[in-house]
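Novice: What follows is each chain in one-letter form.
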Amino acid sequence: MTLLGLTWRNLLRQKRRTALLSLVVVYVTVAVVFMLGFLDGYGESLVEAYRAYVEAPVVVAREAYWEDPDPENGFPAPLALDHPLVRAVSPRLALPALLRTPYRTEGGVVLGVDPEGERAVSRVPEKVAEGRWLRAPGEAVLGVKAAERLDVRLGERLVVETGKGALGLEVVGLVRTGVSTVDHAGVYVHLEDAQALSGVYATHLAVKVPRGREGEAARALNGRLPPGVEARDVWALMGPIRGDYEGSRYFLYPFLALFVLLAAVAVVSTTYVSVRERLREFAVAESLGLAPWALAKQVALEAGLASGVGLFLGLVLGYALLAYTATHDVFGPLMRLSAELLPESGLSEHLYPAVRPGYALVAASVVLASSLLALLFPARLVLRLDLSRYLKGA
Amino acid sequence: MKRFAFLLLGLGLALALTPAEKLKRALDRLRGPAHEAVYLVRVERPGSVKTYRLLVYTDGERAHLRVLEPRSEAGQAFLSLGEDLYLYDPRLGRTLRLPPTGRAERFLGSDLTYQDLMGRDLEALFQVEEEGGALVLTPRPRAPTPYGRVEVYLEGELPVRLVYYDQRGQAVREVVVGGYAPLDGALLPRLLEVKDLLRPGYRTRVEVLEAKAQAVSERCFNPLYLERGC
Amino acid sequence: MLRLAWRNLLRTPGRSLTTGGVVALVTFLSVVLLSFYAGAMDAFFGLLLERTGHLVVRVEGYREKQALEDLAFSPPDLSLPQGARVEGVLEGAALAIAGERSRPVALTGLSREGFSRQRNLLKAGRLPEASGEALLGEALARALRVGLGDEVVAYAPGGEGIGVFAFRVVGLVDLPESHLEARTLLVPLEDAQTLLAPGRVTRLEVRLPGVGLYEEAPLLALKASLQEDLVPRGLVVKTWLEANPGYAAILPLYRVVMGVYVGFFFLLAGLILLNALYLSLVERVREFGLLSALGLSGRGVMALVFWESLLLVGVFALLGLGVGLFAHLEMADGFRMPLPQWILEQYREFGLPEVLYGRLGLSDLLLVLGYALGVGVLAALWPAWLASRLEPVEAMRYVP
Numbered sequence: 001m002t003l004l005g006l007t008w009r010n011l012l013r014q015k016r017r018t019a020l021l022s023l024v025v026v027y028v029t030v031a032v033v034f035m036l037g038f039l040d041g042y043g044e045s046l047v048e049a050y051r052a053y054v055e056a057p058v059v060v061a062r063e064a065y066w067e068d069p070d071p072e073n074g075f076p077a078p079l080a081l082d083h084p085l086v087r088a089v090s091p092r093l094a095l096p097a098l099l100r101t102p103y104r105t106e107g108g109v110v111l112g113v114d115p116e117g118e119r120a121v122s123r124v125p126e127k128v129a130e131g132r133w134l135r136a137p138g139e140a141v142l143g144v145k146a147a148e149r150l151d152v153r154l155g156e157r158l159v160v161e162t163g164k165g166a167l168g169l170e171v172v173g174l175v176r177t178g179v180s181t182v183d184h185a186g187v188y189v190h191l192e193d194a195q196a197l198s199g200v201y202a203t204h205l206a207v208k209v210p211r212g213r214e215g216e217a218a219r220a221l222n223g224r225l226p227p228g229v230e231a232r233d234v235w236a237l238m239g240p241i242r243g244d245y246e247g248s249r250y251f252l253y254p255f256l257a258l259f260v261l262l263a264a265v266a267v268v269s270t271t272y273v274s275v276r277e278r279l280r281e282f283a284v285a286e287s288l289g290l291a292p293w294a295l296a297k298q299v300a301l302e303a304g305l306a307s308g309v310g311l312f313l314g315l316v317l318g319y320a321l322l323a324y325t326a327t328h329d330v331f332g333p334l335m336r337l338s339a340e341l342l343p344e345s346g347l348s349e350h351l352y353p354a355v356r357p358g359y360a361l362v363a364a365s366v367v368l369a370s371s372l373l374a375l376l377f378p379a380r381l382v383l384r385l386d387l388s389r390y391l392k393g394a
Numbered sequence: 001m002k003r004f005a006f007l008l009l010g011l012g013l014a015l016a017l018t019p020a021e022k023l024k025r026a027l028d029r030l031r032g033p034a035h036e037a038v039y040l041v042r043v044e045r046p047g048s049v050k051t052y053r054l055l056v057y058t059d060g061e062r063a064h065l066r067v068l069e070p071r072s073e074a075g076q077a078f079l080s081l082g083e084d085l086y087l088y089d090p091r092l093g094r095t096l097r098l099p100p101t102g103r104a105e106r107f108l109g110s111d112l113t114y115q116d117l118m119g120r121d122l123e124a125l126f127q128v129e130e131e132g133g134a135l136v137l138t139p140r141p142r143a144p145t146p147y148g149r150v151e152v153y154l155e156g157e158l159p160v161r162l163v164y165y166d167q168r169g170q171a172v173r174e175v176v177v178g179g180y181a182p183l184d185g186a187l188l189p190r191l192l193e194v195k196d197l198l199r200p201g202y203r204t205r206v207e208v209l210e211a212k213a214q215a216v217s218e219r220c221f222n223p224l225y226l227e228r229g230c
Numbered sequence: 001m002l003r004l005a006w007r008n009l010l011r012t013p014g015r016s017l018t019t020g021g022v023v024a025l026v027t028f029l030s031v032v033l034l035s036f037y038a039g040a041m042d043a044f045f046g047l048l049l050e051r052t053g054h055l056v057v058r059v060e061g062y063r064e065k066q067a068l069e070d071l072a073f074s075p076p077d078l079s080l081p082q083g084a085r086v087e088g089v090l091e092g093a094a095l096a097i098a099g100e101r102s103r104p105v106a107l108t109g110l111s112r113e114g115f116s117r118q119r120n121l122l123k124a125g126r127l128p129e130a131s132g133e134a135l136l137g138e139a140l141a142r143a144l145r146v147g148l149g150d151e152v153v154a155y156a157p158g159g160e161g162i163g164v165f166a167f168r169v170v171g172l173v174d175l176p177e178s179h180l181e182a183r184t185l186l187v188p189l190e191d192a193q194t195l196l197a198p199g200r201v202t203r204l205e206v207r208l209p210g211v212g213l214y215e216e217a218p219l220l221a222l223k224a225s226l227q228e229d230l231v232p233r234g235l236v237v238k239t240w241l242e243a244n245p246g247y248a249a250i251l252p253l254y255r256v257v258m259g260v261y262v263g264f265f266f267l268l269a270g271l272i273l274l275n276a277l278y279l280s281l282v283e284r285v286r287e288f289g290l291l292s293a294l295g296l297s298g299r300g301v302m303a304l305v306f307w308e309s310l311l312l313v314g315v316f317a318l319l320g321l322g323v324g325l326f327a328h329l330e331m332a333d334g335f336r337m338p339l340p341q342w343i344l345e346q347y348r349e350f351g352l353p354e355v356l357y358g359r360l361g362l363s364d365l366l367l368v369l370g371y372a373l374g375v376g377v378l379a380a381l382w383p384a385w386l387a388s389r390l391e392p393v394e395a396m397r398y399v400p
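Protein chains in written order, with our numbering: chain A, 1 to 394; chain B, 1 to 230; chain C, 1 to 400.
With the Cβ distance kept under 7 Å, some of the chain C side facing chain A (calculated, not the full set):
(1) 15
(2) 22
(3) 104
(4) 246
(5) 271
(6) 272
(7) 275
(8) 278
(9) 279
(10) 343
(11) 346
(12) 347
Below 30 Å or equal to it, Euclidean Cα-Cα: the simulated DSSO-like pairs (lysine-lysine) are:
(13) A/164 - B/24
(14) A/15 - A/297
(15) A/145 - A/164
(16) C/238 - A/145
(17) B/212 - B/22
(18) C/65 - B/50
(19) C/65 - A/145
(20) B/24 - B/212
(21) B/50 - B/212
(22) C/65 - C/238
To list a few chain B residues with every Cβ distance to chain A over 10 Å, as calculated:
(23) 18
(24) 19
(25) 24
(26) 74
(27) 208
(28) 225
Hints are computed from structural coordinates only; laboratory data are not their basis. These figures come from a predicted structure and were not determined experimentally. We put the beta carbon where it would ideally sit given N, CA and C, even for glycine.
Whenever a hint applies, use it, and build me the whole structure from the sequences.
Specialist: Here is the structure:
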């Protein structure tokens, strides 16, 4: 019988205690898997919101524009971007303007875009709730809440005015993206209209790059861009909400480590008792020639395997929980409340936890921790075995 | 007999103006000839009335306005040159150029806008149809106006009433013009009343006093002369 | 019984210490967590209260109204208790013009006290002391390309005031929320009134001395007495929480969320305790059998197990509580979140200051002790039941 099989049989012999310690390990595993998934989901929702709705995966603009986001610091002419990571580029013109309806006059920022080019770099065009996306100059598309606030309806004219002139644009579509910034403040117009109102070609370029490689792409582009032009990736573009996300990570990891440690403690204390009960067995084995270290390793294996049972169950449960919350909008109400309190933070109305195999590895550290702790404590019992004491009695 | 018929026909043809031409003439009448005058502007609100006395120099397109009364605001001057708007305030001590966003705002807190007093926005931004004797203006494509429709009621060639509608068919503003009196061979309306239809009790009356028809010196339309007048 | 339980615990010092250690740790962490979060909440709401004032007087229906003339009112005299202060604030939209550049701003006219509250937001220069001086948000100053000593003209036509006013920039403020900063122009109240609406304000802020952060009763009482006077004038009085309903919604939620967090910790401790109690049972099966044979009833056996559990939890929970309280006292003096500086700055954008003060209430302590007690009882349930079901004879002969 293999060592593993032997160990397994030992565990099965004590079903109850194995079950009890498994409870602890299951709980901790589910907590680890779920919290990691939740946090990653939070990060992903932020990245997705900024990548696909509020900004773009990578944004290229003149350094002067990053310093002072005024159209006069924009690009006077198109700029070509060439790099294998660049999947699509579309120019944008962010224009501070006065928005006027018969009932309301309000200052805001209008985004001039190339309707077709925008489809390649942003998901906003897909989220038209009423009407349609832009097609030609003379049209405007608003976020649903922005339209409500300005009191303008589909088909009505919105006057957009800047220092350089004014235009009456027909509202052809309303978008509902679920991202607070866009829904509350988004006003999209045709690039040509924005150009007419500002006198520049564009203020920045939206660049689409593969997911997860935004930082890499930004660095690569920065190496190739002409002087005075800088590329920034989505993380740099995120507002202060990024701090909340990173801060949460800082807090979470120590806690999860603590949980794992405590679970290992539970496993090991059970192993300790089990070993103490079987010291005579170990003594016999040792007297038959098995090296004490081999026995110690068996103890460690037992602890590891015991925690492994809980790990396995915990992973099944944890991933099931993740799978459920990743497909059902469980955190919607929480996100909506947060988005209402911080409408310009870029929070989405949904949070779907991420489901990644890597969590299993992190959770599996409980097995490692248990085995190591077992070497430190119960195994010492075996190592310090005084054979004579155990072999004397019948 | 035949000659008379031809004369009548000729006159009839001459009088059959297109709506656009009618609008143009109506605006000509509304603006009157270039003149210098004193305007009395009475701003009515629920529970209060404020009266301004202004000295106005205008050529129908551009206008130079100076506040004479009330004493607390005397000395302010405005210069509207189409796109540009300049303001002089004695408390500021200098002339300020305002962005076009300043133009459509209420003038002196009244219900008047600069477009009511000068300029030909109605021609520039709207296309005209005739309906039942009145001119119906609808915005040209992409015209930067928040209104959906303007109805201009004429008596002969003279506009006597303008009603502004929002884009949902609701009347939001009414301008009544009257008191057309001759001035140097042309007619100038002496009374203008603007009513905010969305807010009961909000009304502004303009009365033109002491009008003198004369070409206005170019100096008056120079921002440098805003401070000391022309 | 108690002594027996105590001795039993001492017989396995390793395990008792370990399990007790877990309980103490969990208790300690819970206390620290509660203190920390309470501190953060207090800071957050404290800032809100500071900005809003205890009570706010505004025009009725102010949420729907937009035009300044509908929102501004002549401040009536308020009959207030001793020590209470009233400040008027006038807010209106204006265009800030500097040379060729202009930006729409929310112009706010503040009284002297109102300005002194902005002191810790001042990044450069000083607070306005005389008419014609103004504070700009840093982002606004950048957009207009002005600095200290430069001039900015506020243009707000269409009101009852003169509609235009020149200011000199004497200070720059760094607001926590940067999008607000780009639209912030703070001027003396009298200047704002001259510009927009002479003699009028858009809100009155009432501040009472000595009222606790979450104390509502004195506010509601004062609100009721003021309303008699003010409602006939078309004004409404709101407490600061009523005036910020979104934030007010967080408060009850917070209690629940804290209860859940602490619950998660204690659940872990409970499961570990359960393990420990079971193991201790397993090790002493023979003993229990003996005790049973000697006449200890089933109930007595259960009681023994319960006492062991409660004793263990009790001693170590109190220990953890003690250490936690000590940590809390340190935190109550002021602490910084142990995060990198750049993250702290981002949190400032949300209105959370860098230095927080821990707070612990009786209800927090009761929560923790309650959980400890609950865990002590619940974890012992099953092992106690098992122990009571032991057959004395079989138990005495038990071989593991």
